[in-house]
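Undergrad: First to last, the sequence lines map onto chains A and B.
My numbering applies: residue 595 is where the first sequence begins, and numbers increase by one.
My numbering applies: residue 2 is where the second sequence begins, and numbers increase by one.
Quick caveat, the hints were computed from the structure, so don't treat them as lab data.
Hints may be right or wrong, so weigh each one.
Unchecked claim - Estimated spans, in silico, between C-beta atoms of each pair: (1) A/ARG614 with B/THR63: 36 to 46 Å; (2) B/PRO113 with A/VAL677: 21 to 31 Å; (3) B/LYS60 with A/LEU692: 27 to 37 Å; (4) B/VAL51 with A/GLN644: 32 to 42 Å; (5) B/LEU59 with A/GLY597: 33 to 43 Å; (6) B/ILE14 with A/ARG703: 40 to 50 Å; (7) B/GLU6 with A/GLU694: 23 to 33 Å; (8) A/SER652 with B/ALA79: 37 to 47 Å; (9) A/GLY597 with B/THR78: 21 to 31 Å; (10) B/PRO113 with A/PRO602: 43 to 53 Å; (11) B/SER8 with A/GLY679: 40 to 50 Å.
Every residue gets a Cβ at the ideal spot worked out from N, C-alpha and C, and that includes glycine.
Below are the chains, spelled out letter by letter.
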Amino acid sequence: NAGVMQNPRHLVRRRGQEARLRCSPMKGHSHVYWYRQLPEEGLKFMVYLQKENIIDESGMPKERFSAEFPKEGPSILRIQQVVRGDSAAYFCASSPGLRETQYFGPGTRLLVL
Amino acid sequence: TQLLEQSPQFLSIQEGENLTVYCNSSSVFSSLQWYRQEPGEGPVLLVTVVTGGEVKKLKRLTFQFGDARKDSSLHITAAQPGDTGLYLCALPLVGSNYKLTFGKGTLLTVNP
Chain A
595 NAGVMQNPRH
605 LVRRRGQEAR
615 LRCSPMKGHS
625 HVYWYRQLPE
635 EGLKFMVYLQ
645 KENIIDESGM
655 PKERFSAEFP
665 KEGPSILRIQ
675 QVVRGDSAAY
685 FCASSPGLRE
695 TQYFGPGTRL
705 LVL
Chain B
2 TQLLEQSPQF
12 LSIQEGENLT
22 VYCNSSSVFS
32 SLQWYRQEPG
42 EGPVLLVTVV
52 TGGEVKKLKR
62 LTFQFGDARK
72 DSSLHITAAQ
82 PGDTGLYLCA
92 LPLVGSNYKL
102 TFGKGTLLTV
112 NP
């Protein structure tokens, strides 16, 4: 059973470009969570999604950030018009149910030049 | 706001030594998780502790949950280079079943 897959593992963007981060949950998991790990900071919750639904996006910045989890395909975290402060590691986690253990992917390291 | 403080922030030891790292909360929590994160990878769950005073062992790792449910410790016996990594504690935010809040972690380096 493959773990949570994230790609790309590393992403370099210039200021003003768009970043698209993809996450494929573990097989049988329908709950997806995105976290951000800034340098010198702990992981921070961003958003919780189920198939085709955003359940809780209270940790998402109000502008430029969006997330989706379509019926088919991976979950996508999209950052428009990136700025240097967006440079961080973005982790996706998935779980089979709401109160169950979250399994983390290897992360996408975003560097904004 | 529920905060998790981890100490020490950095720890560098020689292979074979013992060590303890700590996780303290500003408030009582219902459960706590310990993760290890290796460079370039995501956090991997080591253990979940749920009962005050609980002790769990995972090979050379011993996890303890404080009686007051506000602190936890991780003790590693006879550390090995493979134990190198960032040790994180995490707990569900108050009022949430799924939002995990993490400490900043203890970065452990075990030198051969």
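Undergrad: Next step is simple, just say for each hint if it's right about the structure.
TA: How the hints compare with the structure:
1. A/ARG614 with B/THR63: 36 to 46 Å: The hinted range 36 to 46 Å holds for A/ARG614 and B/THR63, with Cβ atoms some 43 Å apart.
2. B/PRO113 with A/VAL677: 21 to 31 Å: Given a distance of about 41 Å, which is not inside 21 to 31 Å, the answer is violated.
3. B/LYS60 with A/LEU692: 27 to 37 Å: Holds, since B/LYS60 and A/LEU692 (Cβ atoms, about 31 Å apart) stay within the stated range.
4. B/VAL51 with A/GLN644: 32 to 42 Å: violated, 25 Å
5. B/LEU59 with A/GLY597: 33 to 43 Å: Given a distance of about 19 Å, which is not inside 33 to 43 Å, the answer is violated.
6. B/ILE14 with A/ARG703: 40 to 50 Å: Between B/ILE14 and A/ARG703, where Cβ atoms are some 28 Å apart, the hint is violated.
7. B/GLU6 with A/GLU694: 23 to 33 Å: holds, 27 Å
8. A/SER652 with B/ALA79: 37 to 47 Å: holds, 43 Å
9. A/GLY597 with B/THR78: 21 to 31 Å: Given a distance of about 28 Å, which is inside 21 to 31 Å, the answer is holds.
10. B/PRO113 with A/PRO602: 43 to 53 Å: violated, 33 Å
11. B/SER8 with A/GLY679: 40 to 50 Å: With Cβ atoms ~27 Å apart, the hint is violated.
Going through the hint list in order, the structure does not satisfy hints 2, 4, 5, 6, 10, 11.
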